[in-house]
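**Q** Residues per chain are reported as follows:
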Amino acid sequence: MGGYSNRLLEVNNLRTSFFITEGEVKAVDGISYYIDKEEIVAIVGESGCGKSVSQMSIIQLIQSPPGKILGGEAIFEGRDLLKLNSSEIRRVRGAEIAFIFQEPMTALNPVITVGKQLSKDIRTHKKVSRKEAWNIATEALKAVKIPDPEKRMKNYPFEMSGGMRQRVMIANAVACNANLIIADEPTTALDVTTQAQVMELLVSIVKEYKTSLIVVTHNLGLVTRYADRIYVMYAGRIVESGTCKEIMKNPSHPYTLGLLKSVPKLDSDVDEKLIPITGAPPTLLNAPDTCAFLPRCPYASEICRCNSKPELHKINGGNHLIACYRDIARLKNEHDY
Amino acid sequence: MFYYISKKLFVSLITLFIISLFAFSLMHLLPGDPVINVLGEGATDEDIAYWRSYYNLDQPILKQYVLWVRNFIKGDMGVSLMYEEDVSETLARRLPVTLAVGIPICIVSIFFGILFGVITAVKRGTWIDQVLTTMANIGIASPLFWFAIMLILIFGMQLNILPFRGFVAPSENFVEYLKSIALPVAAGSLGFVAVITRQTRSNMLEVLNQDYIRTARANGLSEVSILFTEALKNALIPIITIMGMQIRIIVGGSIIIEQVFSIPGIGSWLIRAITNRDYWIVQACVLVISIVTVFSNLLVDILYGFIDPRIRKKWR
Numbered sequence: 001m002g003g004y005s006n007r008l009l010e011v012n013n014l015r016t017s018f019f020i021t022e023g024e025v026k027a028v029d030g031i032s033y034y035i036d037k038e039e040i041v042a043i044v045g046e047s048g049c050g051k052s053v054s055q056m057s058i059i060q061l062i063q064s065p066p067g068k069i070l071g072g073e074a075i076f077e078g079r080d081l082l083k084l085n086s087s088e089i090r091r092v093r094g095a096e097i098a099f100i101f102q103e104p105m106t107a108l109n110p111v112i113t114v115g116k117q118l119s120k121d122i123r124t125h126k127k128v129s130r131k132e133a134w135n136i137a138t139e140a141l142k143a144v145k146i147p148d149p150e151k152r153m154k155n156y157p158f159e160m161s162g163g164m165r166q167r168v169m170i171a172n173a174v175a176c177n178a179n180l181i182i183a184d185e186p187t188t189a190l191d192v193t194t195q196a197q198v199m200e201l202l203v204s205i206v207k208e209y210k211t212s213l214i215v216v217t218h219n220l221g222l223v224t225r226y227a228d229r230i231y232v233m234y235a236g237r238i239v240e241s242g243t244c245k246e247i248m249k250n251p252s253h254p255y256t257l258g259l260l261k262s263v264p265k266l267d268s269d270v271d272e273k274l275i276p277i278t279g280a281p282p283t284l285l286n287a288p289d290t291c292a293f294l295p296r297c298p299y300a301s302e303i304c305r306c307n308s309k310p311e312l313h314k315i316n317g318g319n320h321l322i323a324c325y326r327d328i329a330r331l332k333n334e335h336d337y
Numbered sequence: 338m339f340y341y342i343s344k345k346l347f348v349s350l351i352t353l354f355i356i357s358l359f360a361f362s363l364m365h366l367l368p369g370d371p372v373i374n375v376l377g378e379g380a381t382d383e384d385i386a387y388w389r390s391y392y393n394l395d396q397p398i399l400k401q402y403v404l405w406v407r408n409f410i411k412g413d414m415g416v417s418l419m420y421e422e423d424v425s426e427t428l429a430r431r432l433p434v435t436l437a438v439g440i441p442i443c444i445v446s447i448f449f450g451i452l453f454g455v456i457t458a459v460k461r462g463t464w465i466d467q468v469l470t471t472m473a474n475i476g477i478a479s480p481l482f483w484f485a486i487m488l489i490l491i492f493g494m495q496l497n498i499l500p501f502r503g504f505v506a507p508s509e510n511f512v513e514y515l516k517s518i519a520l521p522v523a524a525g526s527l528g529f530v531a532v533i534t535r536q537t538r539s540n541m542l543e544v545l546n547q548d549y550i551r552t553a554r555a556n557g558l559s560e561v562s563i564l565f566t567e568a569l570k571n572a573l574i575p576i577i578t579i580m581g582m583q584i585r586i587i588v589g590g591s592i593i594i595e596q597v598f599s600i601p602g603i604g605s606w607l608i609r610a611i612t613n614r615d616y617w618i619v620q621a622c623v624l625v626i627s628i629v630t631v632f633s634n635l636l637v638d639i640l641y642g643f644i645d646p647r648i649r650k651k652w653r
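Sequence order for the protein chains is F and S. When we follow my numbering, the leftmost residue of the first sequence carries the number 1, and every step to the right adds one. When we follow my numbering, the leftmost residue of the second sequence carries the number 338, and every step to the right adds one.
To be clear, the hints were calculated from the coordinates, so they are not data collected in a lab. Only a predicted model underlies this, so the values are computations on that prediction, with no experimental measurement involved. Among these hints, one or two may not hold up.
[Unchecked claim] Simulated pairs of lysine-lysine, DSSO-like, Cα-Cα distance not exceeding 27 Å: (1) F/K68 / S/K460; (2) S/K460 / F/K120; (3) F/K151 / S/K345; (4) F/K37 / F/K309; (5) S/K570 / F/K126; (6) F/K127 / S/K570; (7) S/K570 / F/K154; (8) F/K151 / S/K570; (9) F/K120 / F/K151; (10) F/K154 / S/K650; (11) F/K120 / S/K400; (12) S/K570 / F/K116; (13) S/K570 / F/K120; (14) F/K142 / S/K650; (15) F/K68 / F/K145; (16) F/K83 / S/K400; (17) S/K570 / F/K83; (18) F/K116 / S/K650; (19) F/K145 / S/K650; (20) F/K131 / S/K460.
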C-alpha cells in the first residue's frame, strides 16, 4: 500500500495569498500534502489558519481579487489542477472532487427545490435526461438515508433541518460519483447529536463508494476516530503530520500538544483541567519570519527566536514530520505542561 | 394560494372603495358649484337646473355616490360639460395611447435595468461598472422634464432624426409608431433604468457572496448559469417591488411625458381637465390610475410568491 500508483492527490508547495489594502495575507504559505485512494485524511487547525483556503485553492475556488494562487502544484490523477483553465477545472469540480461546506443552512439555494439543485448538478457533468437525473438524485438521497426521498426531492432547503441539508450535500457528492470528497468543517454548524450521525454517514459513504475523504476541521476529537492520517496546520503552514495513531500517541509539535490538551477526553479523570492555548492566532498580514507559534509557545527558546521558520522534518524515523526546532518528546517530561 | 390571493384582492377592493370616496368628494369639497363653474355666471337658471339634474347633483349626497359608482361600473362616466364629450368614450380612445407608450417604457426599463445591474455587479470596480454606475446616478438625479427637453433639443431639433410631437397608432403604421414613441420612451425609462440598475447591482453583489453561489461553483456550474439561474432569482425578489411601482408609472407617470411630447393620452387629458375644472374627467382619470396602481400592487404580491417559495408556503 502507499505506492505512487495509489496516490489520488498530491499537493506540493501550495501558496495562496490575499492582497488587501493593508498588504499581503499569506493564507497558505507553502504547504505539501497527499491523499491516497480510499484514504481518510484530516487537516486540523484553528479558524483562519488557512486550512479551508488550501482546499478551495486546489479547485481554483479562490475569489480573485483579492485572492491569488501564487505557486505550487496539485497533481490529481496525473494532471496539475492549478494549471487547468476555467472550463477544464469546472469539469473537475463536483464531478471528480466534491465539496461539502460548513454551513448547510446557507449552502443550498433557498429558492430552488433540493431535487432541482441535485439534478442540475448531475446534468452539468453527465449526459442524462432530466428524468434520469431526477432518478439518480432520488437514489442518492436514499443512499444518504434521507427518509421518504421522493417527497424530499420536492422540498425547499428551508423545509429541512441542518443535518438533513448536510445529507443533501453528501448526496450531491454521491450522485456525481466523485473520487475525492473534501468536507470543510462538515459538522461544525450542526447540533452535537447530529454531528456524529453525519460524520458516520460520511465515512460509511466513503467506504461504500471507495472514494477518498479530506476532512477539514478544528475538532481533533472528531478526527481521531475516523482519519488515517492527520495534518496539523498553523498560520498557513503544516506544522505536524503523520498517522493518526502516531500523532495521538506522540504529539511532537507544541501546537498539536496544546490542541490535544484543550479538548476534553472521555477516558480522562474528572478533575483533570483543560489547558487552553494562551494568546491569539497570529495575524497572517506581514508576519515576521520567525516561527509563527513562537509568541504562544511554552517551549520557545533562543534557537526559535534567532532562526527563520522551521521546515518540516522527519522525527522518529517513519512518516512523522514536524516543523519545530525543539524536541518536545524529551522536553515534555521536564516541563509540567 | 387561492386564500392568499382572495385576501389580497379583498384588501385591494377596500383600497379602491376609499379612493373612490376621495374621487367622488372632489366635486363637493372644492369651492364653487361645478355646473356654474363651467357654464359661467351668465347661465340661465333653467340650464343650471337641467345639468344639475343630469349629473344627479340635486339628489342627496349618499345617493349621488351610489349612482356615480353604479354608472361607473356600467361604463358610463358621464359627459364632460366643457367639451360635451362622453368621458368613457374618450377614455377608451386615450387609454390605449397611454399604454402604447407606457408598456414599452416598462419593458425597456426592466430589461436594461436588470441587464446593466448584472453587468455592473459582475464587473464591479472595472471601468464599465464605473461608467454605468455614474450614468445611473445621473439618471436618478436628472428631472424627467429636463431630460425630455434635452432629448427633443438634440434628437428632434438639432439632428432632426426623430419626431418629438404627436403619436402614431401602431395599427396605422408600425414603423412610424416606433419612431413616435422613441423619444418619450427614452425619456420615461431613464429614471427607472437607473433605479433598477442600482438595485439589481447591490442585490446581485449581495447574492453573489452567498454560500450557495460558492456551492454552485464548487459543483462545476458555469458562471453564466450561476448568474442567470442561481443568483438572479434570488436577487429579483427586492427588484420586483420596484417593478410594481413601474407598472403604476405607465398610467400615473404619463402626465409629464405626454405633456412634453404632445401625446394624446390620459396624462395630457388629465392636465387639461384639471385646468378646466372638468371634474368628471378628473374623477375618471383618478379612478383609472388608482385601479392600475392597486392591481399592480396585487400583481407584485402574487409575483413574490412565484419567485420566493418561502413566501408561497405561507399562503396556505
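**Q** Does each hint fit the structure? Answer for all of them.
**A** Here is what the structure says about each hint:
no., hint, in the structure
1, F/K68 / S/K460, "18 Å, holds"
2, S/K460 / F/K120, "26 Å, holds"
3, F/K151 / S/K345, "30 Å, violated"
4, F/K37 / F/K309, "32 Å, violated"
5, S/K570 / F/K126, "25 Å, holds"
6, F/K127 / S/K570, "25 Å, holds"
7, S/K570 / F/K154, "18 Å, holds"
8, F/K151 / S/K570, "24 Å, holds"
9, F/K120 / F/K151, "18 Å, holds"
10, F/K154 / S/K650, "13 Å, holds"
11, F/K120 / S/K400, "62 Å, violated"
12, S/K570 / F/K116, "14 Å, holds"
13, S/K570 / F/K120, "15 Å, holds"
14, F/K142 / S/K650, "25 Å, holds"
15, F/K68 / F/K145, "39 Å, violated"
16, F/K83 / S/K400, "83 Å, violated"
17, S/K570 / F/K83, "33 Å, violated"
18, F/K116 / S/K650, "18 Å, holds"
19, F/K145 / S/K650, "26 Å, holds"
20, F/K131 / S/K460, "36 Å, violated"
In this structure, the hints that do not hold are numbers 3, 4, 11, 15, 16, 17 and 20, in rising order.
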